[in-house]
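Q: Residue-level listing of the chains:
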Amino acid sequence: MNLTTFYLAVAGLILAPLLGGLVAGVDRVVTARLQSRMGPPLMQPFYDVGKLWSKVIPPASNWQGLFVRWALVASLASDVLLAAGADVLMCFFVQAASASFVALGAFCGSSPYSKLGAQRELFQLLAYEPVFLVAILCMAKVSGAFDAYSFMNASAQPLLFKMPLIVPGLLFVVLVKLRKSPFDISASHHMHQEVVRGVYTDYAGRDFALLEIAHWADVVVVLWICSFLWATSVVSMVATAAVFLFAALVIDNVSARLTWRHMLKVVAPISLVLATANLLWLYME
Amino acid sequence: MSFLKTSQIKSPWLMHFDCGSCNGCDIETLACLTPVYDVERFGIINVGNPRHADVLVVTGTVNPRNAQILKNIYSQMPDPKLVIAVGACGCSGGVFRDAPNVLGGVDKVIPVDVYVPGCPAKPEAIMDAVVTGLGKLKGILEAS
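Going down the list, the sequences are from chains A and B. Using our numbering, you'd call the opening residue of the first sequence number 1 and step up by one each time. Using our numbering, you'd call the opening residue of the second sequence number 1001 and step up by one each time.
The hints are simulated quantities; they were obtained by calculation from the structure and are not laboratory data. Hints are not guaranteed to be accurate.
[What the hints assert, rightly or not] Computed from the model, here is a short list of chain A residues facing chain B with C-beta under 10 Å:
| hint | residue |
| --- | --- |
| 1 | Gln44 |
| 2 | Phe107 |
| 3 | Ser233 |
[Stated by the list, open to error] Quick look at which bits of chain B chain A covers, simulated, 3 or more residues with Cβ under 8 Å:
| hint | stretch |
| --- | --- |
| 4 | 1002-1008 |
| 5 | 1042-1055 |
[As the list claims (entries may be wrong)] Estimated spans, in silico, between C-beta atoms of each pair:
| hint | chain 1 | residue 1 | chain 2 | residue 2 | range |
| --- | --- | --- | --- | --- | --- |
| 6 | B | Ser1075 | A | Pro41 | 26 to 34 Å |
| 7 | B | Arg1097 | A | Val56 | 36 to 44 Å |
| 8 | B | Thr1132 | A | Pro41 | 16 to 24 Å |
Positions of the beta carbon are idealized from the N, C-alpha and C atoms, including for glycine.
Construct all of the structure, not just a fragment, from the sequences and the given hints.
A: Pasting the structure below:
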């Protein structure tokens, strides 16, 4: 590892959570505008985390603190891996480990809502992880390697033209990772949920603040991988990520009653079939 | 003030508990979340979990059965916390104050920071109460 890679990794470690917080702020403002509301200030997610950090409350279980910290480490590690140009497949597995730690921590709690939320979180993992994996395999097939820098320097032509069928799948992943849809899983700030805050129900105070930071880091990883689709320049990557974010917000607002059963039985298989078809097409080309 | 103290003023997460209200004040409380009033512009979110809440909004009269639940919810909220009694019933027991099963207002069971009169209380008055409560919290934080 040379010094530049080290600096990039440190930049990823520091900037990714900050960017994630900003994305959360944009999300809340845009969602409010879509609902004809004014919405909170752009910096609201940072105030929320600051507030949660200043609240001292005993954890629902002693194991939760450990799982939260592991989730945060895994989420930040996935950002660092991308920033340092490491293996995107490794980044994917580390990010999946983070999501599993969150669910494990929720299982340790005493609230039935927390446990129900954790069970549905596992269903959610089952639904989106295969799609995400196939999407990354498609990108690797075209760019010829699995490292992030190869994805970004694949060719003059954007990757999107060779993998249009993975777009619905990636959109599905963004939607799930933003924790907004389906409403009976979501742990978002919005009120369209039935299990209180789902997997987040038993987390409180500082643990919850750390979990929010881990969530921001996760969102950045997913949007970053989506931006590989049009990685001709930094501006085009940011624009691609913004398009995915905005599309996810619109879909969330027009399908507020989407259930986890619909996600598991309809959305996941269709997006997986489309992504796999794209992968087969790339192999046969 | 430090960032952490400012955050506590700018991010009040609100939990609503209906002690024994006729639903009039509850509807007005929920109306605060609609696009017309949009309390989220103050950073306010309606949460369903006392462990996440900073402000407890209580509507309706207190009776011996729900007093225990009210105490439970209050004790699960992390400090510093605010309690807002909404409506005539929440403030004093209202027209039901002499009923045999009514203990009185919310302050008979837990300490109340702000009282919102009205039958039902207006959404503007409820929002004003939250802002007043936050002013009180700011004073406490500045003194600490």
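Q: If a hint holds in the structure, say so; if it does not, say that too.
A: Hints, verified against the model:
| no. | hint | verdict |
| --- | --- | --- |
| 1 | Gln44 | holds (5 Å) |
| 2 | Phe107 | violated (17 Å) |
| 3 | Ser233 | violated (35 Å) |
| 4 | 1002-1008 | holds (count 6) |
| 5 | 1042-1055 | holds (count 10) |
| 6 | B:Ser1075 x A:Pro41: 26 to 34 Å | holds (32 Å) |
| 7 | B:Arg1097 x A:Val56: 36 to 44 Å | holds (37 Å) |
| 8 | B:Thr1132 x A:Pro41: 16 to 24 Å | holds (21 Å) |
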